[in-house]
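Chain by chain, the residues run as shown.
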Amino acid sequence: MFTAPLAIVAVGGWGFYTILERMEQNKYDPHALPSPLIGHRPPAFNLPGFNGAPGFSNTDLAAPPQPMLVNWFASWCMPCAEEAPMIAQLAKTGLPIWGIAYQDQPDALASYFAQYGNPYTKLALDTSGLTAINWGVYGVPETYLIDKAGIVRWRWAGAITDDVLANGLNPLLAKYT
Amino acid sequence: MLLLLPGLALAQSQDPTQTVTRDGVTLTQAQEQRAEAIGDQLRCLVCQNESIEGSSATLAKQLRIIIRQHVVAGDSNKSIMDYMVHRYGIFVLLKPPFSRLTLLLYATPVLALILGFLVAWLARRSKIPPPPPLDDAEQDRLERLLKS
Chain A
1 MFTAPLAIVA VGGWGFYTIL ERMEQNKYDP HALPSPLIGH RPPAFNLPGF
51 NGAPGFSNTD LAAPPQPMLV NWFASWCMPC AEEAPMIAQL AKTGLPIWGI
101 AYQDQPDALA SYFAQYGNPY TKLALDTSGL TAINWGVYGV PETYLIDKAG
151 IVRWRWAGAI TDDVLANGLN PLLAKYT
Chain B
178 MLLLLPGLAL AQSQDPTQTV TRDGVTLTQA QEQRAEAIGD QLRCLVCQNE
228 SIEGSSATLA KQLRIIIRQH VVAGDSNKSI MDYMVHRYGI FVLLKPPFSR
278 LTLLLYATPV LALILGFLVA WLARRSKIPP PPPLDDAEQD RLERLLKS
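Here the protein sequences come in this chain order: A and B.
For what it's worth, my numbering labels the leading residue of the first sequence as 1, then goes sequentially.
For what it's worth, my numbering labels the leading residue of the second sequence as 178, then goes sequentially.
Possibly wrong hints are sitting among the right ones.
Unchecked claim - Which bits of chain A does chain B cover? Going by a derived footprint, with three or more residues having C-beta under 8 Å, they are:
1) 28-36
2) 49-58
Stated by the list, open to error - Here are some chain B residues the structure puts well away from chain A; computed CB gaps all over 10 Å:
3) Gln195
4) Ala207
5) Gly251
6) His263
7) Arg277
8) Val287
9) Asp317
10) Arg318
Read the hints as simulated data drawn from the structure, not as lab findings.
Fair warning: this is a prediction, and the values are worked out from it, not measured in the lab.
By construction, the Cβ of each residue, glycine as well, lies at the ideal position given by its N, Cα and C atoms.
Construct the complete structure from the given sequences, taking the supplied hints into account.
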């Protein structure tokens, strides 16, 4: 008569252990949210550029020659500054990274780039933050992987770390190249 | 005065034609109540355990503005909810809809009830049966033992 409750407790314990184990290995994040954009093209938008340079629109993302990243960031955002070396390192490998500055000011952005460098192939400004809402962005930094067909394949909310690169981005880049 | 104040608040909220300005959008009292009811059902994705109505995050404020603009434009509650779900997924809903993903969540009470019945049934079944009644010889012996 005690076997059934014991078995239930054992299964529950094994479940919790698996969750904690996978969290430890950075394979499971209970706070991560799936993006409804995955499997779809980004919504229509047309954003201005920075310092007189042209911005970009959703049609520019329709068929990139190789897989690329769109990185939402802001000069006022601490995790973005932490992520900056990683973005710079990824850009050096030849991966095109297009940046969208979220609710930012040109002068603040200029001093951010003076400090951390500007790794972005193209840059656009979402001053109002309304394009971000259409993308389902809920914080910065957020990074989207767009394949050669212009389809969003991956979204990462938060700074990209070595673990995220190894377990999340690199396998997908290999798959969609 | 203390007694009057709640009365005043009630009188204000009962006039549906009076306009209010919330987060920069001007709308009637009735529209504001509808917007609040919608916002109460939506999760602020920045703080995750607060509703859009209750959160002070910038994104929540922007979403409150969008809700109010849609309410003023005369959009239905469902179309406003769909707007949010389309962008942020079902996680934005504080009350998750019934779907394959949430099946286990909604089935939990029924499963717990079945489990309870199962345990009760097992407990009943394994109960030791009472001993058979004493025959005459045993009854005599018991009486003798009790008297001595």
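We went through each hint and held it up to the structure:
1. Under the rule that three or more residues need a Cβ within less than 8 Å of chain B, the assignment of the segment 28-36 of chain A holds, with 5 such residues.
2. Proximity of the segment 49-58 of chain A to chain B, defined as three or more residues with a beta carbon under 8 Å from a beta carbon of that chain, is not established by the 0 residues found.
3. No beta-carbon of chain A comes within 10 Å of the beta-carbon of Gln195(B); the shortest separation is about 29 Å.
4. Listed as outside the interface, Ala207(B) is consistent with that label: its C-beta sits roughly 26 Å from the nearest C-beta of chain A, beyond the 10 Å cut-off.
5. No beta-carbon of chain A comes within 10 Å of the beta-carbon of Gly251(B); the shortest separation is about 20 Å.
6. The claim that His263(B) lies off the interface is violated: its Cβ sits roughly 7 Å from the closest Cβ of chain A, which falls inside the 10 Å cut-off.
7. Consistency note on Arg277(B): stated as away from chain A, and its beta-carbon is indeed over 10 Å from all of that chain's, at 14 Å minimum.
8. With a least beta-carbon separation of about 16 Å from chain A, Val287(B) lies farther than 10 Å from that chain, consistent with its non-interface assignment.
9. Every CB of chain A is more than 10 Å from the CB of Asp317(B) (nearest about 38 Å), matching its label as outside the interface.
10. With a minimum CB-CB distance of about 35 Å to chain A, Arg318(B) clears the 10 Å threshold, and the non-interface call stands.
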